[in-house]
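For the sequence shown, position 927 matches number 932 in the working numbering, and the numbering has no gaps at all.
Just so you know, the hints here were simulated from the structure itself, not pulled from any lab data.
Each residue gets a CB set at the ideal place from its N, CA and C atoms; glycine is no exception.
Check each hint, because a few of them may be wrong.
[Said to hold, decoys possible] FRET-style restraints, in silico, Cβ to Cβ:
hint : residue 1 : residue 2 : range
1    : 550       : 952       : 40 to 50 Å
2    : 104       : 261       : 53 to 63 Å
3    : 424       : 229       : 39 to 49 Å
4    : 401       : 957       : 17 to 27 Å
5    : 258       : 132       : 48 to 58 Å
6    : 438       : 104       : 52 to 62 Å
7    : 258       : 524       : 25 to 35 Å
8    : 424       : 182       : 33 to 43 Å
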Amino acid sequence: MAPHSSVENSDLQLLATQLTGDLYDDNTMRTLYATDASAYREMPLAVAIPKTLDDIKKLIAYATSHKISLVPRTAGTSLAGQVVGSGIIVDTSKHFTRILEINAEERYVRVEPGVIRDELNMALKPYGLYFGPETSTANRAMIGGMVGNNSCGSNSVVYGSTREHLLEVKAILADGSEVTFGTESTADFKNKLSDSTGKLSLADKIYSKTFEILSNPANQVEIRKEFPKRSVERRNTGYALDMLLETEPFTPFPENDVKPVPFNMCKLIAGSEGTLCFLTEIKLNIIPLPPTTQGLLCAHFTSIDEALRATILALKYKPQAVELIDNYVLECAAMNKEQKANAFFVRNTEAGEYPAILVVDLSRETKEEVEALAEALRNDFIESGMGYHYPLLFGDDTKKIWTLRKAGLGLLSNLPGDEKAVAVIEDTAVDVYDQPQYIIEFNDILKKHGMSAVHYAHAGSGELHLRPIINLKTKEGHQQFRTIAEEIATLVKKFKGSLSGEHGDGRLRGEFIPQMVGQHNYELFKEIKRTWDPYNILNPGKIVDTPPMDSFLRYEADHIVPEFKTYFRFKDQTILQHAEQCNGSGDCRKTEMSGGTMCPSFMATRNEKDTTRARANILREMLTNSPKENRFDNKEIKEVYDLCLACKGCKGECPSNVDVAKLKMEFLQHYHDEHGVPLRSWLIGNFSKMNGLASYVPWAYNLIYKNAPLRKIANSIVGFHPERTMPLLKNTTLRAWYDKRAKTKKPASPSARQVYLFCDEFTNFNDVEIGIKAITVLEKLGYEVIIPKHATSGRPQLSKGLLKDAKKIAEENIRLLKDIISHDTPLIGIEPSAILTFRDEYPDLVREDMVEDAKKLALNALQFDEFVSREIELKRISKDSFSKEKRVIKLHGHCQQKAISSMIPTKRMLSLPENYTVQLIPSGCCGMAGSFGYEKEHYDISMQIGELVLFPAVRKQGDDVIIAAPGTSCRHQIHDGTGRKAMHPAEILFEALV
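From just these sequences and the hints, can you work out the full model?
Dropping the structure here:
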């Protein structure tokens, strides 16, 4: 391929004008597409986002004429560097997303390559049908990528790989011609081998070359001799010539009187990684939904070896899946808020160590069937002396276990420092009966090099994802990367296994293909590639002619990076290491249909640039390679972080715990240090001061903001969107009301328990009635409410990256509150984003000698609903104080509350009135996110985010349904987006008092 310099920018600009979609050649977009979920990094020439088939044809013509490559890409979660390359990355994930046809009668579905696997199954569910293969990335993995990698997943013991379900594809070949490949009879196949005109199309040449290779007896012998043995279900090494060889034109009389398999070129296309053709439409076989009752027997073992031997026993019971979770994954889960909760069923060994757990899916149609199978298998384990704990889980608990298992990849990135669990020999597959001995020898190799590995995933299919711990930032790490790959490849060949079971060859394993299938067969692969892609434009350097597996790595060995002095502390790591925790697994690319909060801007735009992954990648890139003295001073970082709402969804949902909101705050302060603080940011950061001044003449402030024409002018002056309404001021502040009332209020009862109320800046000025009602509720329930002397929360300053100011506020609050706040006298907050600063940001922001006090204060800083929920559990508050009226409440959760705390206390509190029914709206971020939704350039995206789930859900509710939202921004967004008034949970409890 030609180097970048051989293509003029003017040529790319001309190409951009010819495309219906978009073409980017700026440094930002090229950087974001330089990596995937693998260890590789290579800057592409450009990034194309095609909209039409014609766009793809033009890109192919351009690549041919300019001798550059095209790299097809969907979600970009490849683990072997399949979608990293020097040419034009062609991302079909945004526009090629249609489900074209569902034929329930004939059981097939036609889709474009950008359809997400889980969302396909959502569409199929009403028909009682299902696409079987399920990757751990299924909520963002796209069908095009699944075909390219021949993905399998946890249930492959039943459903096999994508190849087994691929019926037909429509594709564009390297010469720009359109073609359809599907099932063909032997007669049809042979008819394509001759052309009376003597003019062979590229498709004709492909058929002829296939026949020439596979009809050759010598080739047949070599293929059957050298390829992985057929009992290895997951055979994904190189091009699947062994699969095509077993079709009717070449094997008309299979062994064991099995019916001949019809020829289908799709067997070769599956697993070809975009190196043969450009897929535009995919036809898949679909099957009836899996059994309705899922039961998971989670057998605990004291060692990996014991668990693998037990796997063979488990397979006798025809499970849907047999998955391994090892002690390393469980240890990492304990450090992740969401996954720690999902690991509720784990019981450590007598020695106090984490077990190896075999998750055996025994799903059947009835619970009785599952229980009978589980009892029989449990007895089998016990009689064989295997295992020590065998919980059987049903219902919602099964979702938690699968979430924990699927989070394995991301969890492994939680290791602090530069040593990481590296994808290098993570995809090997052997016969399941060989697996115990294979793993013993595998670990012996690692032990010889002073290394160990994480073991998890598909024990039932003979494929464990095995990741050694390596520091790829060092020369020694680079050498280990190669040495381990070489020695394990030799071991896999010894067991006649496959070096790739489902993740593909890419540039990681391509170098070892001659060893795995023999040089003779490797030369056949090269013939296949040359025939299909005579111009070498389709994802070259993958499978064949790959560069050395230790070239183009993400980290340059012994690269010197300066020490970064930061305002926040990053526990046991630097800010760069925190960004590097992102391994590219793309959990942030799930859409609103899969639920959760992360990442709201991507959910609205579907642009890679707006993912959490992109934000971690751009910061890593600039901090590692920027030539500037202040490496935060880069417009690329500012551009990519612009649509980060700082919702904290990533902190709670990213399995790698990458806190991008924290990274954004840190970046902004360093950027302000270089460029000064913009006026609007200063005004927002000093929200409390501005409101304090306006509160002297609230009538004047409200006169402006109640009048639409005046409001639009005022909004425009400060950089807010003219259509956005503004929160109004009250005639008094909450603190003024409290102080005035104190002069005439009767003393509290001696039996009243003291609590302290944090009078945050939002409640104090804009939500005074909510504050009054919250105090009233607590007093009616027997508590003495004290508003202590304290500063504001610092939330506005944090949101705009004014960390120097926020630090002063945090330290002042700790000085004022540390001696009065305790478990028995907690600090209660009404606005989640304000009170949660004590738990989220303060401990990492204050000076070192205040950290312990900050942590102690954090433990006793509670949201209003958390406190009430706690008191309910302690039997201090009962339902007798509340109405028995029947009401339905639809509850929208605050993003930071979901990330740092939980919605469970809110639901428990609102369920205190015995006839109140509380239902969570399955919404992510509302879209307002503090000041984000007010800002003129962010207003539209803010409303788009609201329209994803929240606004439609609210509009569907009758007037008698209560809409609840703890966050002040959320309530305001709901009002502006739907016209409905949302209530704070404290208000709802106040109105329920009797």
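Going back to the hint list, which numbers does this structure go against? Checked against the structure, the hints that fail are numbers 2, 5, 6, 8, while the rest are satisfied.
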